[in-house]
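Visitor: These are the residues of each chain, in order.
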Amino acid sequence: MDWSTVFSLSTLTNTINTATIVILAGLGCLMTDQAGMMNIGIDGMMTFGAFAAVIGSWACASWEMGLLFALAVGLVLGAFYGLFVIRFKSDEFIIGVALNIFAAAMTTFMLRSIPGQKGSFHPATGAVIKLPTITIAGMNFSMMVPLSWLLVLLAWIMIYRTPLGFWLHASGEHPDSLRSVGRSPEKMKYLASLMCGALCGLSGAYLSLGYLSTFTENMSASRGYVAVACVIFGRSNPPLVFLAALLFGFIDAAGQRMQGVVDPYLTAALPYVGTILMMVILALRQTRRKKAH
Amino acid sequence: MQFPDALANDDVSLDIHRGEIFALVGENGAGKSTLMNILYGMCTPTGGEVIVKGKRVQRFSPADAIAAGIGMVHQHFMLVPSFTVAQNIVLNDEPRRHGLFYDFRAANATVERLVAEYGLRVNAEDKVQDISVGLQQRVEILKTLHRGADVLILDEPTAVLTPQETDELFDVIRRIVREKQMTVIIITHKLYEVMAISDRVGVMRAGKLVGVCETKDVNERILASMMVGKEVLLDALERIDDHDATPAIEVRDLHVADNRGLPAVRGLSLKVERGEILGIAGIEGNGQSELIEAITGMRPVDSGKVFIQGQDVTGKNPRQIRAAGLAHVPEDRLSTGVSAQASITENLLVGKEKDARFSIGKFHMKKQAVHAYAQEVFDRFDIRAASVDKAVGSLSGGNMQKVVVAREFSFDTPVLIISQPTRGVDIGAMDFIHKQIMDKRNQSCAILLVSADLDELYRLSDRMVTVYEGQITGEFIPSQIEKTELSYYMTGGRKEDANEKR
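Residue numbers (the numbering used here), protein chains in the order written: chain U, 26 to 318; chain X, 5 to 506.
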């Protein structure tokens, strides 16, 4: 096979485009992780976000409204997650799984409720307006790509350089320490849930209005789980999560390039195999560190 | 203040004066921490009022307590381990640049100023997870001082400290009281600390404040007898003397560490013969729990030997030790005594499930036999519940304890280890359990009994030993020693030097 096609310019843009989905969702997931909640429901939040973005964009014939719809749905889901995990003290994994199953089923149901739509969204009238693009170094990117980079920077500043970020982290690591100085850890956890919802909404909007230009059933393709893995791999540190997501994006893009040579089902599995390998490496490193202690 | 079922503080009235060191003492569960948590706003009282500096407290929250100048150093530190010392001290009161960013330099400067002012040396940039427990406590104290506290509550501050760290802490307390006119309330159950540091002392027992005294007017023995208190009048139990001089339990020079790895049992030796009850008296936290756990195989032994029925069981696991002829009523029925979600039947069956009476092979239980057995024990031990199928967790403390006692006693072992058999149990159930214990003794069991209740020890024991800081301080015959004298040995007095001190 020709390795030059694997390491080409279009592989670079593909890497960045695919990674952006995971970066945005990963930022959301790391917010809740900082606050002591491992939200594996981000996959469902993305799916809902993607659906809401397409509907908003098509119904109002504007990408702005698509984005707004996705954000609103994300916030509602974030509040829902917070309500169950923080207020009702439900198991965070169960709620996450429930959210994912619910999202897959509900978006499929709603899609099929629109006349003539099955599998993916193809409206008879009107059109889905995509997010605007920006040219960086001669390459065309969705506006969400540079925005995600900015958000990585902002998230890092917030968590490591502002009191708000400290409270967020304290609410996860030692909630009573925050309570005893007179600040509610529950409020910080709600804030984290809402930020997570909003970021997953953005991730979904990018998925359906930037990466592609339609909604298809189960279109998140479990990238939410990959984002969770990236958050664990990057120890909830935004720049590290960003790098992990880029690695995932590269494996995905390289896999697409190799489709002509290798069995396409095998290449489609590559990113997920890569994710598992990442987790194994991480686990090995941690056990080695524990032994060293 | 009430917990769902229990009154943690019952009609307590207490005045604390500005600029004094006030000690609050009492057994575990006497209500000291609850009282202080109310003062700090972590609990809301169900009745009564709290007045701080002449103002009635309207809202109970830590934020309001901080605003009123009250600071609390909790038993379990309220520090974020991955944050630096400075980050922890200024938490929720962070200095900022441009109104948004945390100001690292200003925070460190704040800590250095506090260190200079109060003489409590800490390094602002160390991470809390990397420093010693003693230093972490300093960080906690600095945290409250930074918030302008002039009333400082310390909840069991010395429980986690080495003796040297304790001395340093006391120096700090004396200095801030003298130089800064602070008021300090210290919760403890170590009486020598009360004598060493406090101006006045309040004693709590079972949720009530039983006395407040000037420290100079009392001594450790008076305080100890106030702490254990109450006489309960119950009929004497029938005692058949059929003593057999073969030791059934023997502990030789045992050393055991506590959960923190510090020595809890330090060179303890004892023997229990068949047909006698040996009672262990001591203030809680003096190694009794660790001793029992080591004998029953639930905690590793550092050095020394344990023999059950002449068999060396040191370092064996609980199943092997039980096979040597031991049954064990553990001190905490909820965490180790029962499975709360399981039924009474299931709890009674544990340990007998492999018995040929109840099962065939590994996969078949004889349901009827199990049920009949459970019903018989249920009736004999007078367990009050709707049926044997009820979950044990739904029973009252007394009935739950009866389930534990019934199960352990029905193993018919020659050796019984019994810890706190009637804690939180009503008097009827207590009397019943006492009679069961005495029956076992009369059937020539060797019984080792640990209890925080002196009346119980007096009523049941043939011999008593007092323990203090993991060592035996004296051995007594119950009828030959007064409780007040016994409490002297429980607080560190030794039999050898008792005569000169008196």
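Please note: incorrect hints may appear among the correct ones.
Claimed, not checked - Listing some non-contacts, in silico: residues in chain U with all C-beta distances to chain X over 12 Å:
(1) Phe32
(2) Phe105
(3) Arg112
(4) Pro171
(5) Ile182
(6) Tyr185
(7) Thr187
(8) Gly190
(9) Thr241
(10) Ile257
As the list claims (entries may be wrong) - Selected chain X positions facing chain U (Cβ under 10 Å, derived; list incomplete):
(11) Phe87
(12) Arg100
(13) Phe108
(14) Asn112
To be verified - Partner residues aside, some chain X positions facing chain U, computed with beta carbon under 10 Å:
(15) Tyr44
(16) Ile70
(17) Ala71
(18) His80
(19) Gln91
(20) Leu104
(21) Phe105
(22) Tyr106
(23) Arg151
Hint data in this document are derived by calculation from the structure and do not stem from the laboratory. Glycine residues also receive a C-beta, built at the ideal position from the N, C-alpha and C atoms.
Visitor: Evaluate each hint against the coordinates.
Guide: Outcome of the hint check:
The Cβ of Phe32 (chain U) sits about 39 Å from the closest Cβ of chain X, beyond the 12 Å cut-off, so the non-interface label holds. No Cβ of chain X approaches the Cβ of Phe105 (chain U) within 12 Å, the least distance being about 28 Å, so the stated non-interface status holds. Even its closest Cβ contact with chain X, about 19 Å, leaves Arg112 (chain U) beyond 12 Å, as expected for a residue assigned away from the interface. Its beta-carbon lying about 23 Å from the closest one in chain X, Pro171 (chain U) satisfies the requirement of being farther than 12 Å from that chain.
For Ile182 (chain U), the condition that its CB be more than 12 Å from all CB atoms of chain X is violated, with the nearest at approximately 8 Å. With a cut of 12 Å on Cβ distances, Tyr185 (chain U) falls inside the contact zone with chain X, its closest approach being about 9 Å. Remark: the non-interface label on Thr187 (chain U) conflicts with the geometry, its nearest Cβ contact in chain X lying 6 Å away (cut-off 12 Å). For Gly190 (chain U), the condition that its CB be more than 12 Å from all CB atoms of chain X is violated, with the nearest at approximately 8 Å.
Thr241 (chain U), annotated as away from the interface, keeps every beta carbon of chain X farther than 12 Å; the closest lies near 41 Å. Against the 12 Å criterion, Ile257 (chain U) stays outside the reach of chain X, whose nearest CB is about 16 Å from its own CB. Among the interface hints, the one on Phe87 (chain X) holds; its C-beta lies about 7 Å from the nearest C-beta in chain U, closer than the 10 Å criterion. Contact between Arg100 (chain X) and chain U, as hinted, is supported at the beta carbon level, the nearest pair being about 7 Å apart and thus within 10 Å.
The restraint placing Phe108 (chain X) at the interface with chain U holds, with a minimum CB-CB distance near 9 Å, inside the 10 Å limit. With its C-beta approaching chain U no nearer than about 15 Å, Asn112 (chain X) sits outside the 10 Å limit, and its interface hint is violated. A distance limit of 10 Å between C-beta atoms decides the matter here; for Tyr44 (chain X) the minimum to chain U is near 8 Å, and the interface restraint holds. A least Cβ separation of about 6 Å between Ile70 (chain X) and chain U falls short of the 10 Å threshold, and the interface hint therefore holds.
About 8 Å separates the beta-carbon of Ala71 (chain X) from the nearest beta-carbon of chain U, less than 10 Å, and the hint is met. Interface hint status for His80 (chain X): upheld, as the beta-carbon distance to the closest one in chain U is roughly 8 Å, under 10 Å. Here the hint on Gln91 (chain X) is kept, as its CB sits about 6 Å from the closest CB of chain U, short of 10 Å. Here the hint on Leu104 (chain X) is kept, as its CB sits about 6 Å from the closest CB of chain U, short of 10 Å.
Below 10 Å, beta-carbon pairs count as interface contacts, and Phe105 (chain X) has one with chain U at about 5 Å; its hint therefore holds. Given hint, Tyr106 (chain X) at the interface with chain U, holds; its Cβ is 5 Å from that chain's nearest Cβ, closer than 10 Å. Interface restraint check: Arg151 (chain X) against chain U, minimum CB-CB distance 8 Å, threshold 10 Å, status holds.
Of the numbered hints stated above, those contradicted by the structure are hints 5, 6, 7, 8 and 14, listed in ascending order.
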